[in-house]
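Construct the complete structure from the given sequences, taking the supplied hints into account.
Listed below, chain by chain, are the residues.
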Amino acid sequence: MEEASNVSRYLYTLIVLFLIWLALTASLDPQELTFGLILSAIVAAITYPIFTTRGLANLHPKRVTYAIAYVPYFLWAMIMANLDVAYRVLHPKKPIRPGVVHCKTVLKTNPGKLSLANSITLTPGTITLDVDGDDYFIHWIWVPDEVLSAKSEEEHVERASENITRPFEKFLKVIFG
Amino acid sequence: MNALAALGEALVLIGTFFYFLSALGLIRMPDVYNRMQTSTKSATLGSLGVLVGTGLWAVGDGLSWAWFVKATVIAVFLLLTNPISAHALIRAAYKSGIPLWQGSVVDKYREHIEAKASPGAAESESTEEGGEE
Numbered sequence: 001m002e003e004a005s006n007v008s009r010y011l012y013t014l015i016v017l018f019l020i021w022l023a024l025t026a027s028l029d030p031q032e033l034t035f036g037l038i039l040s041a042i043v044a045a046i047t048y049p050i051f052t053t054r055g056l057a058n059l060h061p062k063r064v065t066y067a068i069a070y071v072p073y074f075l076w077a078m079i080m081a082n083l084d085v086a087y088r089v090l091h092p093k094k095p096i097r098p099g100v101v102h103c104k105t106v107l108k109t110n111p112g113k114l115s116l117a118n119s120i121t122l123t124p125g126t127i128t129l130d131v132d133g134d135d136y137f138i139h140w141i142w143v144p145d146e147v148l149s150a151k152s153e154e155e156h157v158e159r160a161s162e163n164i165t166r167p168f169e170k171f172l173k174v175i176f177g
Numbered sequence: 001m002n003a004l005a006a007l008g009e010a011l012v013l014i015g016t017f018f019y020f021l022s023a024l025g026l027i028r029m030p031d032v033y034n035r036m037q038t039s040t041k042s043a044t045l046g047s048l049g050v051l052v053g054t055g056l057w058a059v060g061d062g063l064s065w066a067w068f069v070k071a072t073v074i075a076v077f078l079l080l081t082n083p084i085s086a087h088a089l090i091r092a093a094y095k096s097g098i099p100l101w102q103g104s105v106v107d108k109y110r111e112h113i114e115a116k117a118s119p120g121a122a123e124s125e126s127t128e129e130g131g132e133e
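Going down the list, the sequences are from chains A and B.
Numbering of the first sequence is given in this note's numbering, commencing with residue 1 and proceeding in unit increments.
Numbering of the second sequence is given in this note's numbering, commencing with residue 1 and proceeding in unit increments.
Since the hints were derived computationally from the structure, they do not count as laboratory data.
Watch out, some of these pointers could steer you wrong.
Straight-line C-alpha distance at most 25 Å; calculated DSS-like pairs for lysine-lysine [as the list claims (entries may be wrong)]:
1) B:K116 x A:K151
2) A:K62 x A:K108
3) A:K108 x B:K108
4) A:K113 x B:K70
Right, here's the structure in full:
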């Protein structure tokens, strides 16, 4: 993971904090904007070493576009997840076949792994139990036949990753590198 | 009453329906992992619906757009933090040795922990005991 210069990291933190201030106050009064800028500058000076390691490179247009495209994709997956939950909870026979499966990811950075874990938790039938390096351990409410019947460990990992992590990785790989 | 307020009311209704599903899931599911599974997802989407719906409803009733913006900020904050708390709870449940439901089919995490602990035989034994309780 490449380290950006301190100035670029500081500016990135400042921009993010100022955007949050804008949304929280929801006003464009110049007095509010000035005070928000001063407060963001102070907070950014204290927190930028732990907030980001890549600085302004995070605002690369391609990354921002993918991040915006990811929002409706993710919300759709989340709505499907809730319909799935509704089906399992309301069905009189409770169609569940839970188990803990093992997945691998291709993501390298920590923010990427965090957002993948969050996305997994909020999408159909899966919840992240633990992350250890590249390995994800995921509690699945309905382990499908093709994963259950896998002969070897590699096949199991391959099939589980195909179902769980691949759909998000194509976005997150670009957003978080 | 206008279109915006009606949309807000519909979203609040959908949100409360998912809250209801979340509470029902807590009663119906057999073990802590499945309960976590059903309650986290429904409660998160339910909160999103209720918060965004409240914002739209307020704007539709003639209040300022600040209502909608602030409600959306809260919704985004909840969306980012809810899965992390669920992950922390489910991991703590596993580490403190709560067993999976007897109908569970695979447990790769147990194998992973044992493989990691196998150099020190004493440690592997203690994790096994913790899991059986």
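Hints, one by one, checked against the model:
About 22 Å separates the Cα atoms of K116 (chain B) and K151 (chain A), which keeps this hinted pair within 25 Å; it holds. Taking the CA atoms of K62 (chain A) and K108 (chain A), the gap is near 18 Å; set against the 25 Å cutoff, the hint holds. Taking the CA atoms of K108 (chain A) and K108 (chain B), the gap is about 23 Å. The hint holds against a cut of 25 Å. Taken as a hint, the K113 (chain A) and K70 (chain B) pair is broken in the structure, with Cα atoms around 28 Å apart against an allowance of 25 Å.
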